[in-house]
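Based on the sequences and whatever the hints tell you, model everything.
Protein chains in written order, with this note's numbering: chain A, -6 to 165; chain B, 87 to 665.
Hints listed in this document are in silico derivations from the structure and should not be mistaken for laboratory results.
Computed from a predicted structure; not experimentally measured.
It cannot be assumed that every hint is accurate.
Taking lysine to aspartate or glutamate and the EDC-like style, the derived pairs with C-alpha atoms no more than 20 Å apart in a straight line are [stated by the list, open to error]:
hint : chain 1 : residue 1 : chain 2 : residue 2
1    : B       : K409      : A       : D47
2    : A       : K66       : B       : D403
3    : B       : K414      : A       : D47
4    : A       : K56       : B       : D216
5    : A       : K18       : B       : E617
6    : A       : K18       : B       : D403
7    : B       : K498      : B       : E474
8    : B       : K242      : A       : D63
9    : B       : K449      : B       : E470
10   : B       : K414      : A       : E48
11   : A       : K56       : B       : D381
12   : B       : K409      : A       : D69
13   : B       : K409      : A       : E123
14   : A       : K18       : B       : D382
15   : B       : K409      : A       : D46
16   : A       : K18       : B       : D216
17   : B       : K409      : A       : E52
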Amino acid sequence: MRRIITMTVNNRPGVLNRITGLFTKRHYNIESITVGHTEIEGVSRMTFVVNVDDERTAEQIIKQLNKQIDVLKVNDITDQAIVARELALIKVAAPPAVRQEIYTLIEPFRASIVDVSKDSLVIQVTGEPEKVEALIELLRPYGIKEVARTGTTAFTRGAQKATTNQKTVFII
Amino acid sequence: MTKMKVEEQEKARTKARMSGSLMLIEALKEEKVEVIFGYPGGAVLPLYDELYKAGVFHVLTRHEQGAIHAAEGYARISGKPGVVIATSGPGATNIVTGLTDAMMDSLPLVVFTGQVATSVIGSDAFQEADVVGITMPITKHNYQVRDISELPRIIKEAFHIATTGRPGPVLIDIPKDITTAEGEFDYDQEVHLPGYQPTTQPNHWQIRRLVEAVSQSKRPVILAGAGVLHANASNELRQYAEQQNIPVIHTLLGLGGFPADHPLFLGMAGMHGTYTANMALCECDLLINIGARFDDRVTGNLKYFAPKATVAHIDIDPAEIGKNVPTKIPIVSDAKAALQELIAQQGKPADTAAWLKQLDEWKRRFPLHYEPEAGTIKPQKLIEMIYEMTNGEAIVTTDVGQHQMWAAQYYKFNRPHRWVTSGGLGTMGFGLPAAIGAQLADRSATVVSIVGDGGFQMTLQELSVIQELGLPIKIVIVNNQALGMVRQWQELFYDKRYSHSLIPNQPDFVKLAEAYGMLGLRAKTEAEAAEVLKQAFAMDGPVLLDFHVRADENVYPMVAPGKGLHEMVGVKACEESSR
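What follows is the structure, encoded as structure tokens:
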């Protein structure tokens, strides 16, 4: 099962190493990590997407992360109302003949062209990983030259519904 | 007036400007550190210069591994953090085993390693190693000091982290230029660690649930681990067990937490545990784990572990609860606090009369057992002789393997903090240096280091330290000219293909003792053994005893790897012999 875990950590040397080392040591598989500053100086935020076999493993991950001195707060937000976003840059082969077609295609995704060259375009898209995935699939027939994805970053929405057992699906 | 003056002076001292090396010495004084175990080298020369001037008690072991195991032994007996200094590079890498050992067995250590100067870090400088990187997964926390201004705070945090919550080793890597840089020494500061707030008091509701579960249970059992010892909760454990009529089982590391001669004691559980302890775990309807982590050597195959039991688990480390065994009643707490709360509840005791009768019957019919044989030395008999010779009062340290299991089975620990062994990591070469630390922690105690002929040779250079300090440690080599436990497994599971486990050409250990300036004695029969033991324990100084035991003796009973506790072997013979 796929879990989205967010945490705040002290922005100290080696802290990322501590966390990834813990995942290696305990055989947890990381699908993606994002790290960045928060509104508080000296505090960074990490978002992990991990694949685990069962609830117990998910619980263990949280507990083991919590034991790290530099970890301030850990949350498994998978089952909450969340905003989860990923950014992807997609370089696609685009001879002049198909450019218009590509423009039309990316429009519903609110993706944008961030670089143009003689025979290719770089498209930037943000959204839930599924949306990014869908766009990549649509562009594939044109010939994808390169893809760079950031991995998911996420946090909980301001208001949580009373019952949030089911993950709320947001289109964009 | 005078008091004010003293306070002012104190304040002036704690705010003074000084070098990093001196800060370290001052911090150790503030922490009331009595002894440092260490080994000098290039990167820690400024530090050793200050040690020299300050006249701090420092034990120069002959290998850094010896230093860290000695610090572990010291911590285990004294309850205080063991302090270690090693130099950069090889000095630091030599303590890796000890750090892992302390991490697995939750021993508080504060370890200082030298590092090359900050200007050359990352350049593969002479004796440079990425010690923080190497030790990250084997320490509770570690630091590299990047600026002199951080040093006092880091040392203070290190002692706090090592000794609170679930204890463990903390390492501080100090570049050489930091040890000579000057800064303000302010040690009078609060530790501020928002990411580290261990829970030490039990949740009241969970305690009530446990009280309720006990009152309804018919076959409860307590499995007590080293958490009881770390919390100094032996008295509370005994009080609680007696109040509620609940029998007690120990893990290997927990031995001594509950008196071995107490009628409610069932012995050690696990791979080489007693029949009664293991069967009690199979049959119990309520299992109360206090400060143990359900190690695989205790549980056997988890599929068959405590199948009929509701599990309650008291542990200071929330990550241990539910890690291996699904737990109905989780109590995150210091063992002492939880036990005090449980005692205060004065819950209705479990009706255990029938259960205790059953357990007594098992204890009577299936005790630990070996076949005596006078012409040789049976290792089990040897341990019994040592037990009698020391009135069960000695501090016993061991390595890992057969001798360790025999010591755990046949030395009956009635008091807490007398047993120093490498449990989680199972480190050969642990026992001898650990005995040094143990003896320094309790000078008046009789210390017996029971080691195998294999493990002894991994750290035997520390004989020098024992001789130098005149520590009256009795070193007992259970010499079977083999790596006994490896040999046993090869006999049982590899069709007697003794691949590199037999060592017939061991050195003359008696002469070795003499070379190190201590008395060496040898025995090959039970009668000789009695004689040399008498001689050794009558002496005030260190003695090395080389006992040539039956080489083909195996440790029983045994739960084979991958089997459930109910599948233990080596029990039947006991039943027959008791008839």
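The hints, checked one at a time:
{"no.": "1", "hint": "B:K409 with A:D47", "verdict": "12 Å, holds"}
{"no.": "2", "hint": "A:K66 with B:D403", "verdict": "16 Å, holds"}
{"no.": "3", "hint": "B:K414 with A:D47", "verdict": "18 Å, holds"}
{"no.": "4", "hint": "A:K56 with B:D216", "verdict": "27 Å, violated"}
{"no.": "5", "hint": "A:K18 with B:E617", "verdict": "50 Å, violated"}
{"no.": "6", "hint": "A:K18 with B:D403", "verdict": "18 Å, holds"}
{"no.": "7", "hint": "B:K498 with B:E474", "verdict": "10 Å, holds"}
{"no.": "8", "hint": "B:K242 with A:D63", "verdict": "16 Å, holds"}
{"no.": "9", "hint": "B:K449 with B:E470", "verdict": "18 Å, holds"}
{"no.": "10", "hint": "B:K414 with A:E48", "verdict": "15 Å, holds"}
{"no.": "11", "hint": "A:K56 with B:D381", "verdict": "18 Å, holds"}
{"no.": "12", "hint": "B:K409 with A:D69", "verdict": "17 Å, holds"}
{"no.": "13", "hint": "B:K409 with A:E123", "verdict": "33 Å, violated"}
{"no.": "14", "hint": "A:K18 with B:D382", "verdict": "18 Å, holds"}
{"no.": "15", "hint": "B:K409 with A:D46", "verdict": "14 Å, holds"}
{"no.": "16", "hint": "A:K18 with B:D216", "verdict": "18 Å, holds"}
{"no.": "17", "hint": "B:K409 with A:E52", "verdict": "9 Å, holds"}
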